[in-house]
Amino acid sequence: MGRYLFVSLPLTGHVHPMAAVSRELADRGHEVMWAGSESFLRPVLGPGTAIAPIPLRAHRGQADRGMAAAKSRWEGYIVPHAKVTLPGIERAVAAFRPDVLAVDQHAVAGAIAAHRAGLPWASLAPTTMELTRPYRALPEVEAWLHRQMAAAWTAAGMPGEPPHDLRFSPHLLIAFTGTALNGPLDWPGNAVLVGPALAPRPPDPAFPWDWLDPGRRHVLVTVGTLAMDLAQDFHTRVVQALRPIGGSVQAIVVAPDGTVPDAPEGDVLVRPRAPVLDLMPRLDAVVSHGGLNTVCEALAHGVPLVVAPIKGDQPINAARVAAVGAGRRVRFAGVRPKALREELLAVLDDPSYRAAAHRVRDSFAAAGGAAAAALHLEQLLGRRGTPS
Amino acid sequence: MEPGIGAGLNTAVERYYDITLDLYEDLWGEHVHHGFWDPGEVPGVNGPDRHAATDRLVRELVEFARLPAKSRVWDVGCGIGGPALHLAGAMGCAVEGVTLSAKQAARANEKARAAGVADRARFHQLDALATGFPDASFDAVWALESLMHLPDRPAFFAEAMRLLRPGGTLAVATWSVRDGELDEAEQDLVRQILQHQVMPDFSSLEEHERQARAAGFTDVATVDWSRAVANSWDPSFAQIRRFEQGRTQMRALARERGVDVLGFFHAGPLMKRGFDTGVITYGALRATRPEPGDAAAAALIRPVADLLRGIVGEDDAWLDSVVPGTRVDGDLLVESHELAAWSAALRETYGDGVDLLGHVCALGVDQLIALTVADVAAYVAARRGSGGPDGR
Numbered sequence: 005m006g007r008y009l010f011v012s013l014p015l016t017g018h019v020h021p022m023a024a025v026s027r028e029l030a031d032r033g034h035e036v037m038w039a040g041s042e043s044f045l046r047p048v049l050g051p052g053t054a055i056a057p058i059p060l061r062a063h064r065g066q067a068d069r070g071m072a073a074a075k076s077r078w079e080g081y082i083v084p085h086a087k088v089t090l091p092g093i094e095r096a097v098a099a100f101r102p103d104v105l106a107v108d109q110h111a112v113a114g115a116i117a118a119h120r121a122g123l124p125w126a127s128l129a130p131t132t133m134e135l136t137r138p139y140r141a142l143p144e145v146e147a148w149l150h151r152q153m154a155a156a157w158t159a160a161g162m163p164g165e166p167p168h169d170l171r172f173s174p175h176l177l178i179a180f181t182g183t184a185l186n187g188p189l190d191w192p193g194n195a196v197l198v199g200p201a202l203a204p205r206p207p208d209p210a211f212p213w214d215w216l217d218p219g220r221r222h223v224l225v226t227v228g229t230l231a232m233d234l235a236q237d238f239h240t241r242v243v244q245a246l247r248p249i250g251g252s253v254q255a256i257v258v259a260p261d262g263t264v265p266d267a268p269e270g271d272v273l274v275r276p277r278a279p280v281l282d283l284m285p286r287l288d289a290v291v292s293h294g295g296l297n298t299v300c301e302a303l304a305h306g307v308p309l310v311v312a313p314i315k316g317d318q319p320i321n322a323a324r325v326a327a328v329g330a331g332r333r334v335r336f337a338g339v340r341p342k343a344l345r346e347e348l349l350a351v352l353d354d355p356s357y358r359a360a361a362h363r364v365r366d367s368f369a370a371a372g373g374a375a376a377a378a379l380h381l382e383q384l385l386g387r388r389g390t391p392s
Numbered sequence: 484m485e486p487g488i489g490a491g492l493n494t495a496v497e498r499y500y501d502i503t504l505d506l507y508e509d510l511w512g513e514h515v516h517h518g519f520w521d522p523g524e525v526p527g528v529n530g531p532d533r534h535a536a537t538d539r540l541v542r543e544l545v546e547f548a549r550l551p552a553k554s555r556v557w558d559v560g561c562g563i564g565g566p567a568l569h570l571a572g573a574m575g576c577a578v579e580g581v582t583l584s585a586k587q588a589a590r591a592n593e594k595a596r597a598a599g600v601a602d603r604a605r606f607h608q609l610d611a612l613a614t615g616f617p618d619a620s621f622d623a624v625w626a627l628e629s630l631m632h633l634p635d636r637p638a639f640f641a642e643a644m645r646l647l648r649p650g651g652t653l654a655v656a657t658w659s660v661r662d663g664e665l666d667e668a669e670q671d672l673v674r675q676i677l678q679h680q681v682m683p684d685f686s687s688l689e690e691h692e693r694q695a696r697a698a699g700f701t702d703v704a705t706v707d708w709s710r711a712v713a714n715s716w717d718p719s720f721a722q723i724r725r726f727e728q729g730r731t732q733m734r735a736l737a738r739e740r741g742v743d744v745l746g747f748f749h750a751g752p753l754m755k756r757g758f759d760t761g762v763i764t765y766g767a768l769r770a771t772r773p774e775p776g777d778a779a780a781a782a783l784i785r786p787v788a789d790l791l792r793g794i795v796g797e798d799d800a801w802l803d804s805v806v807p808g809t810r811v812d813g814d815l816l817v818e819s820h821e822l823a824a825w826s827a828a829l830r831e832t833y834g835d836g837v838d839l840l841g842h843v844c845a846l847g848v849d850q851l852i853a854l855t856v857a858d859v860a861a862y863v864a865a866r867r868g869s870g871g872p873d874g875r
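Chains as they are written, first to last, in our numbering: chain A, 5 to 392; chain B, 484 to 875.
Be aware that a few hints might be false.
[Claimed, not checked] Selected chain B positions facing chain A (Cβ under 8 Å, derived; list incomplete): (1) Asp-521; (2) Pro-522; (3) Gly-523; (4) Val-762; (5) Ile-852; (6) Ala-865.
Hint data in this document are derived by calculation from the structure and do not stem from the laboratory. Owing to the predicted nature of the structure, the values given are computational and were not obtained by experimental measurement. Cβ atoms here follow ideal geometry from the backbone N, Cα and C, with glycine treated the same way.
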């Protein structure tokens, strides 16, 4: 049996798929520990998982978009986070003596700690941001990214330059997407695409299931946990788009109470959170910002999407959904209610979108999810790390 | 005390900083402004000490505004000269600082002499909107946490425009509020902070940005630093408790200096609540006074933007909202596939010498973020008719 140390960032979308893998490993008899913010991780991981606590403030997200968002993500979050968390991660390595580290691609400190300890480690990709290397056409940007990682390396007291790209372990890369959506990747050679790693979530007993009218089609509208400041205007347009088709479509909009004005009660249900996985089997379409978790959860259930990407890997995911025919892409900032309604009706009415979503669903199921990820991680037991 | 306007407010601000000068200097050192921390850093735990954090804020603003060394700088609301001494010292700038508080100006001049930079840093008790400096006197205007005290911010931006030379840089860091409507409880919190801090009102960062553009500035950019500075009000950092040595002493202080001195002690918990709830924000703004424009490039802005309009499926209202300083990345949110289509359309219209995609691919991160529609128009104007087989 092995000992696995998980290192991620306090971001919901990052931790959920990794938590499913950690649970799978524990079920198979391995010892698992996480290093990170206990107040953030505990509700996701549940009471039974060991956590080496590193006090951290939650990431509230930034209003930046586009390249400015990439810059603030690295300079304002990933690199400082690496600096602040490295001592705690290395204490956890010393105390827990893991055989393998499972490291979020954006938790650079985990990669550095694995190098220093000479342990084998896997990179886990809960987003497609780094996976498809969207900046490789921009050599100056790619060079800047490598300078960011080199700065974290040097700040950790490591000699010289990082021996390789710290986002990509030389031992194993696990991505929570499938080849039918994102693949096959042309790089790196050690990548395995296991599909979404979904774990059951606590039920939502307060959800008004009898509000759903079986005679109408159902749409879930969700733009993730970090974009609430940007979402209000989008939700207003969503409600305008839905109004004329209320007779045939009911929508559940995930948004804080009171932030979606004038939602017609019988047609649009506004909830601060929703039991997304329980809802999926009853949905006909999902309108989403294109976060990889939401996209994969929808496609794992064969539900087509309308994707309005905001930033980060979302434009990449939106492009892939459109390319494989499982949905349509709209502009988050500018799409007018009429155009949004037409795109949504196209996805609802044209069976080709659902058929494409079903193809992706089947490929995800074949990829194996958390169980496949656990199998690959087990193969790292007994391997040597890279000496540094 | 009610927040005042005009001369009454100026008198109140003057008085506030006269009577709290030593308190602030004791508390925050020579920098009467927030500190700056990386995410996750906690003062006194794993973060730098107070002086390192306030020094860092100054360096962050220098870097964000791209303030050139050896600039002639107008420092609006100079306090006791902490930031100005950095600009005059390490950066070799020549600084003229203004403050409403005679005591602050005197203390700042004293510190400049002690630092040996009295020839490059001079401080005056002057109203920022009535300094008497001639047009285009400065390479840079520096306003670090002073705009909150100015009731007429559009007039400030106009005055900054007047005093900057063409091509000169405006650097602002300021307290602000969340954009959009505030509910009643939030408004009440803001009202209390304004009263205690002798400020007329707050603008949001977005409002500052609009005011700067309206005054004619270009390359206007803002950054939200709320999370980076919020530690300044953590009890462990603010250490205001240290001063609250009992009611008797507080009463003595109020008797000696007037009751408004107590606003200083109320600020901490209110500001902490403001940052914790996101009502109070904090950010920086940079902007440039434009050079006399290139007419050919200016004439291309609308047609170039119209080609993009067709690609992103927007309407005429969108086109009307595009101004020369509109950023391709942060404002228009142009994605890579749209950029490729725009590049192809520009090549089709203006000849094979125009390769926007190639041009953009060679840019660095900061250049990509700063790229404006005016920059694209200038690139097209320079490349039009070159390199194409038909030489259009």
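Hints, one by one, checked against the model:
1. Because the closest C-beta pair between Asp-521/B and chain A is about 4 Å apart, less than 8 Å, the hint holds.
2. Restraint check, Pro-522/B versus chain A: the minimum CB separation of about 5 Å is within 8 Å; hint holds.
3. A hinted interface residue such as Gly-523/B counts as satisfied when its beta carbon comes closer than 8 Å to some beta carbon of chain A; here the least separation is about 4 Å, so the hint holds.
4. A least Cβ separation of about 13 Å between Val-762/B and chain A goes past the 8 Å threshold, and the interface hint is therefore violated.
5. For Ile-852/B, the interface hint holds, since its Cβ comes within 8 Å of a Cβ in chain A; the closest pair sits about 5 Å apart.
6. For the restraint placing Ala-865/B at the interface with chain A, the shortest Cβ-Cβ distance is roughly 20 Å, beyond the 8 Å limit, so the hint is violated.
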